[in-house]
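**Q** Listed below are the residues making up each chain.
There are 4 protein chains.
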Amino acid sequence: MALAQLVYPGAVHTRLHHSLGAYHLMCIAISELTDKGIEITKEEAQAAKLAILLHDIGHGPFSHALENILLQGVSHEDLSLLIMHHLNSASNEILKGHLSLAIQIFTNQYPKKFLHQLISGQLDVDRLDYLSRDSFFTGVTEGLVGYERILKMLTVHNNELVVEEKGINSVEKFLMSRRLMYWQVYQHKTVLASEKMLVKIIERAQLLFDQKNEQVKTGGVLDYFLTASHWDLNKIDLNNFSQLDDTDIMYAIKQWQGHSDPILSLLCNRLLNRQGFKCIMQSDPITSAQWDEAYQLVKSKFPLEEKDLGFLCFKGTASNTLYKNDNETIKILLKSGEITSISQIQNALIIESLSAPVKKFYICLLKE
Amino acid sequence: MALAQLVYPGAVHTRLHHSLGAYHLMCIAISELTDKGIEITKEEAQAAKLAILLHDIGHGPFSHALENILLQGVSHEDLSLLIMHHLNSASNEILKGHLSLAIQIFTNQYPKKFLHQLISGQLDVDRLDYLSRDSFFTGVTEGLVGYERILKMLTVHNNELVVEEKGINSVEKFLMSRRLMYWQVYQHKTVLASEKMLVKIIERAQLLFDQKNEQVKTGGVLDYFLTASHWDLNKIDLNNFSQLDDTDIMYAIKQWQGHSDPILSLLCNRLLNRQGFKCIMQSDPITSAQWDEAYQLVKSKFPLEEKDLGFLCFKGTASNTLYKNDNETIKILLKSGEITSISQIQNALIIESLSAPVKKFYICLLKE
Amino acid sequence: MALAQLVYPGAVHTRLHHSLGAYHLMCIAISELTDKGIEITKEEAQAAKLAILLHDIGHGPFSHALENILLQGVSHEDLSLLIMHHLNSASNEILKGHLSLAIQIFTNQYPKKFLHQLISGQLDVDRLDYLSRDSFFTGVTEGLVGYERILKMLTVHNNELVVEEKGINSVEKFLMSRRLMYWQVYQHKTVLASEKMLVKIIERAQLLFDQKNEQVKTGGVLDYFLTASHWDLNKIDLNNFSQLDDTDIMYAIKQWQGHSDPILSLLCNRLLNRQGFKCIMQSDPITSAQWDEAYQLVKSKFPLEEKDLGFLCFKGTASNTLYKNDNETIKILLKSGEITSISQIQNALIIESLSAPVKKFYICLLKE
Amino acid sequence: MALAQLVYPGAVHTRLHHSLGAYHLMCIAISELTDKGIEITKEEAQAAKLAILLHDIGHGPFSHALENILLQGVSHEDLSLLIMHHLNSASNEILKGHLSLAIQIFTNQYPKKFLHQLISGQLDVDRLDYLSRDSFFTGVTEGLVGYERILKMLTVHNNELVVEEKGINSVEKFLMSRRLMYWQVYQHKTVLASEKMLVKIIERAQLLFDQKNEQVKTGGVLDYFLTASHWDLNKIDLNNFSQLDDTDIMYAIKQWQGHSDPILSLLCNRLLNRQGFKCIMQSDPITSAQWDEAYQLVKSKFPLEEKDLGFLCFKGTASNTLYKNDNETIKILLKSGEITSISQIQNALIIESLSAPVKKFYICLLKE
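Chains as they are written, first to last, in this note's numbering: chain A, 170 to 537; chain B, 170 to 537; chain C, 170 to 537; chain D, 170 to 537.
Worth flagging that the hints you see were computed from the coordinates, not collected in a lab.
The structure presented is a predicted model; accordingly, all values stated were derived computationally and were not measured.
Keep in mind that a hint or two might mislead.
Treat identical chains as interchangeable: a pair holds within one or across any two.
As the list claims (entries may be wrong) - Derived DSS-like pairs: lysine-lysine, alpha-carbon spacing no greater than 27 Å straight-line: (1) Lys205 x Lys218; (2) Lys528 x Lys500; (3) Lys365 x Lys504; (4) Lys335 x Lys484; (5) Lys423 x Lys386; (6) Lys529 x Lys321; (7) Lys218 x Lys321.
So that you can see chain A by itself, here it is in the shape it has in the complex:
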């Protein structure tokens, strides 16, 4: 959860935990569907399990927080897929060729579309796991999700995942949890401000690196990735990528505390000493007056050039870009046998509310 632990100290769980958890839920889902008479062959089951185990393997250090910053133009899904292809053609005899079906499912090219939907869809095991896990480790109990019941309510119709009618309440609760976790945890203003500070540090280091500043180099594998240029997926050295982890970033930040560039050392010091940006977050757009006030305040404290001030004072919008809201709807299997969208259900009051756009506006500024 990147830097969420600065607000929720318990949130130190790892990507390994999430991958094993999502895998566990996939096993349950497949077992439930099979019990209901949905045909899933042994090969398909194994492929779906492999795909979910590997679905996040393309995440780099601090995952979402540095996605598209550290490797501009490359999503973690692209990298996950690249690594799956690599493993599939590796010399390793255990894996060689055994990921072909997993890749088809992962990329939604397999006819049994529901297998893909279990990995990436409105009710996928990825979300079921991370919402449950993140609620638990942050202590935000309101976000807990009844994943056992949701998995029991799933079935398949025309090769697509649908939810049995009596599961509607659980699905509503799940959507409610997502919304709540989104604002209370993932986009909590102090979490957001800390993660933006991390972003600004990397962007500053990239700027210096691209200006041939030697002092910014760490001597480690991070140097390979310290460019602001857009990457060509096929030119990424996967060996280097697999070596890169949070340690490289944290070590660099510790070293850059003493860097001669005043912006870089300032930001690094502030992050390590937990003196992050002040963040104003609101439902209405930031007004010119608000922006001017913030900008002038920072300018008066830190006499810097215009182009550098942007590292200490900036604005933006928070919406659920990190956790994408697909266009897919959740389909309900009525007791009558009909299929309908959850938004068509009478008394399913919350759905409409939850489909409203969620967007907040923020300013981050460094105070003395």
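Could you slot chains B, C and D onto chain A? The hints should help.
**A** Chains B, C and D alone, transformed into the frame defined by chain A:
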């Protein structure tokens, strides 16, 4: 939880558990408010704790299910208050006179209105306890309530309970839980049908009793209450009332299995053998056609007089009458210091939805 | 848990919960063993599940507390078996003949002995469930048992259940939990004293009944069982037995409060008003001096005949007779492939301690 | 928990969690004791809370695993005390002078000895927290400790902490948990082997550093500590020490993978790729034959000088040196008012067993 255990076998927790739980939450609430500088004297704290410990003492056997059936015209709150007055004037030296303040708070006659609101209001410790407890013991995890956080978010303004702005998400979740528990548990159609069968049994026994049928008498304290007449609160023998419990009802039902009245013995046999009413529940009113079909079906199976058929086939509406929706609104203390109603909060999407009327229509009928 | 709820108010869980829980653990156990290559046919699995579901069906009201009191000379296992035979030969087509294998397993006549051991043995699913469940509902967390791990460590050798070496710690903890629950809960002196009061009530009622006292009759099914005579298993009316439950006992006690026999009414009043026996429990035998002091105290308070005083003052020993310690040992499968008894394991320090006899001595006396 | 996560992936909880948890338990303990009439002034309470918050602040990276390796001759308690003194005399006005009482308690120089015992004693809140926490995060449920009950059973006699008689079962369970966690988690042979590999890496780096090998320097604060010399507590630069964390060690290991010294790079590669030492652990001392076989095996695979082979093959003993068994006994307050040692209690069977020496012998060797 009356007969909810027929659907949710775990739901065998008792009124004692609930009373101790609500008392525990009251202790936490008072401690939190005191820590925030709200003045609560030692006497007020003790009185509020006594009041919550006793708030449900007026419930009879099977609580809500038989309320207003077994003692027509008398609510459990009336009885709780009567018992409190009785204890307050009892010869028992520990209690004598010590409940006066508790009674003032319970009846909302005490100036510090928030003490009453903690016992009976939109966010009282009664609801916080029963929602949490009932969710837990039924296994309906979606109903879980973050009571710890809600209690931490409470404060007082103008002697009324208000919620700090940052607690809005938790309050929304709480309202959502109430709605969900209402339909998924308290008014679950099989639970409702079972509790209606219990009601019909008592109503039939009352009819026979008022017709001087001697065989309906049990020989126990229940006989004192076996009349369909409206009760005058002040004429109830509290000693008899305090002796009456679920055992008397269950024993009577076991005995009435062999009663010569065919309706009474039929209903008792069916309840004990878990062959309850079939229940149709829907959002639209029951149509004449639906009613006729059901009625004719029962009539054909059980050749009875018109006046007796009503014990085997009847219709009604389910709405949250058991768990009253006061007119009170939940007040929010904004960071700016202003007070507003939760329904005025931007993005508090769910509130509006939840205030919509909730009503369902049902037919119960006995099948062979 | 009979009257344990007088000390541990949460302990209101039911025999249905336990039966479903033990069934659930049996399903896990069978699945684990099958995964390890132990052959268990579909029929054997179903039979073992049926046997565990029915293993306690012969328990009467207040289970262990009134076992051998209400139906003298008959154990609950005998009755369970009788009921299984009855169901097996019933006209019910679903059951008829389908319990034969379950009965063979239950009575340890089936060659795959490990199936019987899962139902009744040192590490059976019965104990695993009730220890876990009773710990949970009493809140005695020290009694919690790692049943998931123990089930994972089970395997089969020569048709007998054995534990893999790496499970030794878990088994030690399980034995420790049994011992702890035994003294802290099942034989807690206040629980014991309450259950003995229940026993004395029934014994007094039996005495009166056998003396043809008409007032002791309740009018219900309990009357059939109100004799102190030894029962012949084959003469018990199973229909009557299946009707009998806690309600009959509790109703009788409520009625007997007003009985003309002073001993019976006194004991019933005391139990219902939670003014039970005072209990002295100790590791050393009760001395004559202790006994005399207690007896004289009771005699001075209640001027009764010698033969009646025994209902108000008596002594006994508490040892684990309720939860029998079979002679069977727990067998360990060493990594070397050898089988050994757990007591032979080096460093398995606790085993020896736990095999020591556990016995305590008590006096119960009624105080004014 | 150093490298325990290689065996128990959930065990990623941090020292911050433990410090906050132990602080929380201290708050409960003080509140319980105060409720029992033990006099604890506001200043004493605050000092005890400060002392427990800071009790582990002297731990370096990977805590116990590198204690006395990275800073030879210096214990973490020495460093905690040094830092407390430093904070107490710091220019920071909030802390200056306010730690004097905390230091007295921490060093057991304060007359109310029980305050020290709560921080460091047989039943201190440190152990209660780490056993509970480590059990939870490893999933070794057998290690769970009933800390709430133990804290409720504590009282004070002659300024020393004693346990009320009825808490004996809980204390026995606590001691049992310590023993179980010790062997199943803290000294699990794979955990031990991994932590020994970490030790060997640091020792090798120290050797190279002391031989003036420049390549071993990382450029970071670790370099300051990379000597095998014994440290003089008073010469440690606390600013450097406070900068040092797990990141520095992990980054160094990543860098040293490419070091020219074959032993150092081999060990680093192996640790990062989870190909640790094979570990043989047993109750009997390692025989010459066992040692020779292991040594010759390593020698045949890695043709190295005698003095270097010791980094790849070595033996030792595991006993509870990390978690010291003080000579202090646990004192029990009998109902009679007498004080006795828990080992004198009749039927306290386990105590004697647990006081037996626990020692295991191991060989670690690197296999190809």
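**Q** Now look at each hint and say whether the structure bears it out.
**A** Now for the hints, and whether the structure bears them out:
1. Lys205 x Lys218: For Lys205 and Lys218, both the intra-copy (19 Å) and inter-copy (22 Å) Cα distances are at most 27 Å.
2. Lys528 x Lys500: both (26 Å within a copy, 25 Å between copies)
3. Lys365 x Lys504: between (48 Å within a copy, 25 Å between copies)
4. Lys335 x Lys484: Cα proximity of Lys335 and Lys484: across copies only (23 Å, versus 44 Å in one copy).
5. Lys423 x Lys386: both (13 Å within a copy, 16 Å between copies)
6. Lys529 x Lys321: between (35 Å within a copy, 26 Å between copies)
7. Lys218 x Lys321: both (18 Å within a copy, 23 Å between copies)
In terms of the numbered hints stated before, the structure departs from none.
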